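Participant: Okay, here's what each chain looks like letter by letter:
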Amino acid sequence: MLASIFSLNVLKTALELGCIYALVALALFLSYSILNIADLSTDGCFTLGCAVCCQVALTGHPLLALFAAMAAGVCSGFITAFLQTRLGVESIMAGIIVNTGLYTINLAVMGFSSNISLVKTDTVFSLAKEALSFMGGWHILLLAALVILAAGGAMLWFLGTRLGLSIRATGDNAAMVRASSIDPAYTITVGLCISGSLTALSGGLLAQYQKSCDINVGTGMVTIALASLIIGETILGKRSMPRRVLGVVFGSCLYRFIVAVALRFNVPAAAMKLVSALIVAVAISMPAIRKRIAFEKRKQEARLRHAETYGTSGKEGA
Amino acid sequence: MLKLHNIRKTFNPGTVNEKIALDGVNLELKAGDFATIVGSNGAGKSTLFNAITGAFIADEGSIILGGEDITFKPEFQRSRVIGHLFQDPLKGTAPNMTIEENLALAYLRAGRAQRATFSRISRKDKEFFRERLALLDMGLEDRMKQPVGLLSGGQRQALTLLMATLVTPRLLLLDEHTAALDPATAEKVLALTSRIVAEQKITCLMVTHNMHQALELGNRTLMMDGGRIVFDVEGEERSRMTVDDLLEKFRQNAGQQLDNDRILLSKTEK
Numbered sequence: 001m002l003a004s005i006f007s008l009n010v011l012k013t014a015l016e017l018g019c020i021y022a023l024v025a026l027a028l029f030l031s032y033s034i035l036n037i038a039d040l041s042t043d044g045c046f047t048l049g050c051a052v053c054c055q056v057a058l059t060g061h062p063l064l065a066l067f068a069a070m071a072a073g074v075c076s077g078f079i080t081a082f083l084q085t086r087l088g089v090e091s092i093m094a095g096i097i098v099n100t101g102l103y104t105i106n107l108a109v110m111g112f113s114s115n116i117s118l119v120k121t122d123t124v125f126s127l128a129k130e131a132l133s134f135m136g137g138w139h140i141l142l143l144a145a146l147v148i149l150a151a152g153g154a155m156l157w158f159l160g161t162r163l164g165l166s167i168r169a170t171g172d173n174a175a176m177v178r179a180s181s182i183d184p185a186y187t188i189t190v191g192l193c194i195s196g197s198l199t200a201l202s203g204g205l206l207a208q209y210q211k212s213c214d215i216n217v218g219t220g221m222v223t224i225a226l227a228s229l230i231i232g233e234t235i236l237g238k239r240s241m242p243r244r245v246l247g248v249v250f251g252s253c254l255y256r257f258i259v260a261v262a263l264r265f266n267v268p269a270a271a272m273k274l275v276s277a278l279i280v281a282v283a284i285s286m287p288a289i290r291k292r293i294a295f296e297k298r299k300q301e302a303r304l305r306h307a308e309t310y311g312t313s314g315k316e317g318a
Numbered sequence: 319m320l321k322l323h324n325i326r327k328t329f330n331p332g333t334v335n336e337k338i339a340l341d342g343v344n345l346e347l348k349a350g351d352f353a354t355i356v357g358s359n360g361a362g363k364s365t366l367f368n369a370i371t372g373a374f375i376a377d378e379g380s381i382i383l384g385g386e387d388i389t390f391k392p393e394f395q396r397s398r399v400i401g402h403l404f405q406d407p408l409k410g411t412a413p414n415m416t417i418e419e420n421l422a423l424a425y426l427r428a429g430r431a432q433r434a435t436f437s438r439i440s441r442k443d444k445e446f447f448r449e450r451l452a453l454l455d456m457g458l459e460d461r462m463k464q465p466v467g468l469l470s471g472g473q474r475q476a477l478t479l480l481m482a483t484l485v486t487p488r489l490l491l492l493d494e495h496t497a498a499l500d501p502a503t504a505e506k507v508l509a510l511t512s513r514i515v516a517e518q519k520i521t522c523l524m525v526t527h528n529m530h531q532a533l534e535l536g537n538r539t540l541m542m543d544g545g546r547i548v549f550d551v552e553g554e555e556r557s558r559m560t561v562d563d564l565l566e567k568f569r570q571n572a573g574q575q576l577d578n579d580r581i582l583l584s585k586t587e588k
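Chains as they are written, first to last, in the working numbering: chain D, 1 to 318; chain L, 319 to 588.
Incorrect hints may have been included.
What the hints assert, rightly or not - Straight line, CA to CA, 35 Å or less: simulated DSBU-like cross-link-like pairs of lysine-lysine:
1) L:K391 / L:K348
2) D:K273 / D:K12
3) D:K238 / L:K391
4) D:K291 / D:K120
5) L:K348 / D:K238
6) L:K444 / D:K238
7) L:K463 / D:K291
What the hints assert, rightly or not - If the Cβ cut is set under 7 Å, some of the chain D residues that face chain L in the computed set are:
8) T161
9) R162
10) L165
11) D172
12) A175
13) M176
14) I182
15) N266
16) A270
17) K273
No lab work stands behind these hints, which were simulated from the structure alone.
Please read these numbers as outputs of a predicted model, since none were measured by experiment.
Idealized CB from N, CA, C, for every residue including glycine.
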């Protein structure tokens with residue numbers, strides 16, 4: 001029983017999906033953790049990447065499709081940023097508006113059908129299979145790992161540049177940014193464009209991975225990515241930037257592993273959104289729960305000392 | 319270095335809350351001038367600073383800094399050459415970024431065109447940061463990898479000062495930057511300010527409520543009231559002035575009772 005749950009295949013699939021979805025988590029790392037913006041356009045942006053990638057892969061080349069997906073993601077991020085930096089829309093509202101609009105855009109990209117299949121077309125993974133035939137079944141993982149490695153490395157490099165540091169300061173201290181030579185409208189725009197491109201790239205890779213695109217593929221993506229992000233931060237901490245980026249990838253893989261195990265225990269696939277919502281809720285509330293437990297413990301100890309000194313439990317009041 | 323001509327600013331014009339904050343300010347600072355500014359609450363000191371930094375565009379008048387007309391330049395472009403320190407020590411640094419990253423940000427953004435968008439700091443730059451941090455004499459040079467949020471208010475204000483002057487600015491604006499610190503720390507940050515401003519020959523304006531500081535620091539003292547500069551003293555005349563003289567001037571020019579406890583108290587404190 002246990003052997004079948006923790007088989008190598010389950011682990012491999014979890015790692016593959018973990019690496020692909022880690023790109024969305026990395027996108028949220030930039031918008032949510034660094035810029036301190038809750039960008040709710042993630043779901044629509046993910047589907048956009050998926051849809052654009054499918055269409056370009058069908059008519060062009062699967063590799064070109066990935067870049068096209070990223071370009072589409074940049075556009076989506078730019079519009080979200082434009083709404084909040086230039087038109088005074090609340091950041092959460094801006095995300096919701098773009099997300100809603102994207103549903104129609106996505107349908108249009110998919111030719112007003114809710115499904116596209118890539119079964120008969122080459123994908124980057126099928127190309128990799130030919131080129132890396134010696135890898136056995138591991139070519140998918142290798143490719144996905146390379147992509148997330150490149151994205152994570154580029155992110156780390158970028159966050160150390162003048163622009164990257166400015167983006168970090170924008171999310172960290174708004175008062176400081178106003179008094180220093182940083183234009184927050186610019187840094188937020190750049191940040192959300194990068195974040196959008198990563199989200200769409202993830203969607204594009206997933207489309208090629210599962211050889212299909214569905215109009216609802218992105219639903220709940222923001223919750224799942226947040227779960228990965230927070231699992232990573234809880235386990236690896238927030239001490240240094242490389243550690244945090246590593247935590248994002250690690251959290252994403254771990255989340256996929258949890259999902260894989262849950263599926264093995266015959267949790268129906270339809271219940272997975274509820275499971276991810278629960279994971280996120282628990283992960284986010286963990287610090288508060290821990291604090292509460294520590295507080296109650298200290299209070300209990302103080303009560304005991306109080307009883308020893310004064311002979312009452314203190315519960316009776318004055 | 320800095321030329322202000324007839325700067326005017328009215329807040330909430332045409333409403334019951336209309337307030338003439340700046341009523342035709344004229345000021346010329348020579349390169350290397352270090353002027354202190356005194357004035358009661360609402361005299362327009364901070365508003366004057368905000369007009370210079372571009373937090374708002376003045377209704378009237380022109381601002382020329384280092385020969386360049388910056389009257390209509392946006393705030394973030396002006397601040398490349400203007401350092402601005404506030405009373406609140408938390409306002410000048412990013413708490414979740416390390417000391418080194420904060421300095422890197424200040425260093426890279428203050429540089430001119432040769433510092434491109436994607437420039438990074440080098441090992442040589444880090445060595446330079448370490449040297450400058452050592453000057454603060456707070457042991458921060460050994461804590462460069464720690465987040466700034468762990469520092470005390472005084473340490474953060476000292477770091478903010480260092481960041482503002484890492485690349486010598488054309489103008490440094492100090493808005494009561496030691497008022498929120500305890501006396502010993504305030505003393506230290508003030509000494510540091512004097513030294514850095516003197517060493518780098520920075521043109522500087524400093525708001526203070528301490529009459530001793532107003533006369534002792536720098537080479538010029540300005541007094542503001544009702545949105546105007548009502549008194550401007552430097553050189554021989556200034557060095558002969560006592561705190562009592564300055565308070566007397568205050569009464570004459572303001573034409574009203576001193577309403578500010580801090581100013582009255584500063585008469586006795588040293």
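Participant: Next, verify each hint and record whether it holds.
Facilitator: Hint check results:
1. Between K391 (chain L) and K348 (chain L), the direct Cα distance comes to roughly 22 Å. Compliance with the 35 Å bound is thereby established for this hinted pair.
2. Taking the CA atoms of K273 (chain D) and K12 (chain D), the gap is near 22 Å; set against the 35 Å cutoff, the hint holds.
3. Between K238 (chain D) and K391 (chain L) the CA atoms are separated by roughly 38 Å; this puts the pair beyond 35 Å, and the hint is violated.
4. Proximity of K291 (chain D) to K120 (chain D) is assessed by CA-CA distance (about 54 Å); at most 35 Å being required, the pair is judged violated.
5. Note on K348 (chain L) and K238 (chain D): the hinted pairing is violated, with a Cα-Cα distance of about 48 Å set against a maximum of 35 Å.
6. Distance check on the hinted pair: K444 (chain L) and K238 (chain D) sit about 23 Å apart at the alpha-carbon level, within 35 Å; holds.
7. Our distance criterion of 35 Å between C-alpha atoms is met by K463 (chain L) and K291 (chain D), whose separation comes to about 27 Å.
8. This hint holds: T161 (chain D) has a C-beta 5 Å from the nearest C-beta of chain L, less than the 7 Å allowed.
9. Given hint, R162 (chain D) at the interface with chain L, holds; its Cβ is 4 Å from that chain's nearest Cβ, closer than 7 Å.
10. Interface restraint check for L165 (chain D): the shortest CB-CB distance to chain L comes to about 4 Å, inside 7 Å, so the restraint holds.
11. For D172 (chain D), the interface hint holds, since its Cβ comes within 7 Å of a Cβ in chain L; the closest pair sits about 4 Å apart.
12. For A175 (chain D), the suggested interface contact is upheld, since its CB lies about 4 Å from the closest CB of chain L, less than 7 Å.
13. About 6 Å separates the beta-carbon of M176 (chain D) from the nearest beta-carbon of chain L, less than 7 Å, and the hint is met.
14. The criterion of a C-beta within 7 Å of any C-beta in chain L is met by I182 (chain D), whose closest approach is roughly 6 Å, and the hint holds.
15. Annotation: interface hint on N266 (chain D) violated; nearest CB of chain L at approximately 43 Å, more than 7 Å.
16. Hint status for A270 (chain D) relative to chain L: violated, with the closest Cβ pair at about 39 Å, above 7 Å.
17. Interface restraint check: K273 (chain D) against chain L, minimum CB-CB distance 32 Å, threshold 7 Å, status violated.
Checked against the numbered hints given earlier, this structure breaks hints 3, 4, 5, 15, 16, 17; the rest are met.
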